[in-house]
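Chemist: The lines below spell out each chain.
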Amino acid sequence: MLGSLLSDDLPRSRLLAAALVAIVAALALAPFLFPGAAAINTAAKICIFIVLVASYDLLIGYTGIVSFAHTMFFGIGAYGVGLGLYSFGATWPVLFVGLLVALVAGIALALLIGLMSLRVRAIFFAMITLAVASAFMILATQFSEFTGGEDGRSFKVPELLRPATKFLDAPVLGVDINGRLAAYYLVFASAAALFLLALRIVNSPFGRVLQAIRENDMRAEALGYRVVYFRTVATLIAAAMAVAAGALSALWLRYTGPDTTLSFAIMLDILLMVVIGGMGTMYGAVIGASLFILAQNYLQRLMGLAAEALAGVPVLPHLVHPDRWLLWLGVLFVLSVYYFPSGIVGRLRGRK
Amino acid sequence: MAEDLLRLEGVHTHIGQYHILQGVDLALPRGGITVLLGRNGAGKTTTLRTIMGLWKPSAGTIGFDGRAIGGLPTPDIARAGIAYVPETMAVFADLTVRENMVLAARDAPLDGARLDWIFRLFPALKKFWQVPAGVLSGGQKQMLAIARAIAEPRTLLLIDEPTKGIAPAIIEAMIGAFDELKRETTILLVEQNFRFAASLGDRVAVMDDGRVVHRGAMADLVADEALQARLLGLSLDTHQ
Chain A
1 MLGSLLSDDL PRSRLLAAAL VAIVAALALA PFLFPGAAAI NTAAKICIFI VLVASYDLLI
61 GYTGIVSFAH TMFFGIGAYG VGLGLYSFGA TWPVLFVGLL VALVAGIALA LLIGLMSLRV
121 RAIFFAMITL AVASAFMILA TQFSEFTGGE DGRSFKVPEL LRPATKFLDA PVLGVDINGR
181 LAAYYLVFAS AAALFLLALR IVNSPFGRVL QAIRENDMRA EALGYRVVYF RTVATLIAAA
241 MAVAAGALSA LWLRYTGPDT TLSFAIMLDI LLMVVIGGMG TMYGAVIGAS LFILAQNYLQ
301 RLMGLAAEAL AGVPVLPHLV HPDRWLLWLG VLFVLSVYYF PSGIVGRLRG RK
Chain B
1 MAEDLLRLEG VHTHIGQYHI LQGVDLALPR GGITVLLGRN GAGKTTTLRT IMGLWKPSAG
61 TIGFDGRAIG GLPTPDIARA GIAYVPETMA VFADLTVREN MVLAARDAPL DGARLDWIFR
121 LFPALKKFWQ VPAGVLSGGQ KQMLAIARAI AEPRTLLLID EPTKGIAPAI IEAMIGAFDE
181 LKRETTILLV EQNFRFAASL GDRVAVMDDG RVVHRGAMAD LVADEALQAR LLGLSLDTHQ
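Protein chains in written order, with the working numbering: chain A, 1 to 352; chain B, 1 to 240.
For the record, the hints were derived by calculation from the structure and aren't laboratory data.
Built from N, CA and C at the ideal position, the CB exists for glycine as well.
There's no promise every hint is true.
What the hints assert, rightly or not - Stretches of chain B that chain A covers, calculated by requiring three or more beta carbons in the stretch to come under 8 Å of a beta carbon on chain A: (1) 71-84; (2) 122-128; (3) 210-224.
Said to hold, decoys possible - Here are a few chain A residues that sit away from chain B, every Cβ distance over 10 Å (derived from the structure): (4) I40; (5) V209; (6) M218.
To be verified - Which residues of chain A face chain B? A partial, calculated answer using Cβ under 10 Å: (7) A30; (8) F32; (9) K166; (10) R208; (11) A212; (12) R214; (13) A220; (14) E221; (15) A222; (16) R226; (17) V227; (18) T232; (19) V233; (20) G280.
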């Protein structure tokens, strides 16, 4: 049953299995285990980024395609749903139509980029995706009447997902059973389903061909596989998943704007999460996204506590001052890449 | 000649500024093994890669099984029934032996009876069935590369230097496997090991400077040491 759910791609490491179980359990019970808006926001962001990072790993880790346009598709999903709800009212049909329009637009754009550029060398493809993503971000900020420009758009979500909607009068285990909780579990369940779908794809015959292409495209062609076709389909699937992640982000934040969906800082974060977790290992998305977002959200706070504890000791309190959190995050990345070149999952599974 | 399975006429191939094949004429009848011999740099590997579409011919025609395949994309040539085993132990290292074999069976699941036959030819593959191909020895990788090419029946096998860097014991096993293989398919084999080539080949073509300079029966070349010396010189590794 579990093997079938995970497409027979089991963790193959007790430590990894324990870490995955802990993360999934923590995310599943996050509203009850970690009360407070900040914690639930962090949990929802982890869920959304697991999907986003898994879809990017399908490209870079499984197919060997380096794209810088992944946040563009994330943005298309967020803007599709967000602008739909903002312009036409907060109803479920609008939400689904917005998602559908975003999926069609994202897939069409991915197809266009793929057909135009997947025949060329990898570096040119990467450059083309960078150019298209930049152009899209400029368009999103310039069409401010429609998109809200740099300020983005805040909007309402369907009533069932609003914090004011109460399903029970009394809290359960200290947690209000309201629309916000429903929104979290919608994000969690959708992320789980999308992740399992990605796992199914990479473990299918199609996924094996992608891995063969990543290793040696000439050999894959000599076996009779049309490399451009497989690369294009992989970009379409990854784009569709990023669009879905963007839609989940919009639903959760009730806001969409260039900084939360389209920025290159997010693209860099995704890249780091894939590398830290382990390229070409779907479980790397779970580990990488969880660790990175936790570090992003809590490292500063931990350093504040450490600085207080070390008060009076020379130099050390300055080194661990919360203002230097980015420096330490950078050090952590360098160390993780140095000691885990195949990512944490690769290391735990025994690869060098 | 209608009975030829593969026919190259006046094939030229340029790689960048280099003119490698300079008018290759070669005809392969159905069945048996034709060995392509020649010193390093004579154009043997380029000939195989040009047939497979990995290099596009700049002139000449390539006919296979009654259709022109010169200039077709490589996947179309593979789907026409030609399998190619490059000289570099071309396995997919991150995939298991099983996954490598499943990839080779493009349109249908692996046939059980055929797989048993392949396991008889190359028993090591059964032993390492679930092991990543990257951890196999050189000889085992070469066996996997050949097994992948025959995972489904193919009309023509192009095999490039299967004995390169392989231990003598494995070469002996390979001779047995090739002997059996040639009963079901036609093979064009590039080989530097003359003893291996001589023990298997039915026909031989010798290349020099991008052209085929000799064609004939392998038995005739084996029997004529003067011809061997004239055509092959000292560059061939005889593995005596």
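Chemist: Taking the hints in turn, state whether each one holds.
Modeler: Hints and how they fare:
1. 71-84: holds (count 7)
2. 122-128: The restraint on the region 122-128 of chain B is violated, since only 0 of its residues have a Cβ under 8 Å from chain A and three are required.
3. 210-224: n = 0 at 8 Å, threshold three: violated.
4. I40: With a cut-off of 10 Å, I40/A remains clear of chain B, as the shortest Cβ separation is near 38 Å.
5. V209: Non-interface label on V209/A violated, nearest chain B Cβ at 7 Å vs cutoff 10 Å.
6. M218: violated, 6 Å
7. A30: violated, 35 Å
8. F32: violated, 40 Å
9. K166: violated, 52 Å
10. R208: holds, 5 Å
11. A212: holds, 5 Å
12. R214: Where the cut-off is 10 Å and the nearest Cβ of chain B is about 8 Å from R214/A, the hint holds.
13. A220: holds, 8 Å
14. E221: holds, 4 Å
15. A222: OK, holds: A222/A within 10 Å of chain B, min 5 Å.
16. R226: OK, holds: R226/A within 10 Å of chain B, min 5 Å.
17. V227: Hint holds; V227/A Cβ to chain B Cβ min 8 Å, cut 10 Å.
18. T232: violated, 14 Å
19. V233: Since chain B brings no Cβ nearer than about 15 Å to V233/A, farther than 10 Å, the hint is violated.
20. G280: holds, 7 Å
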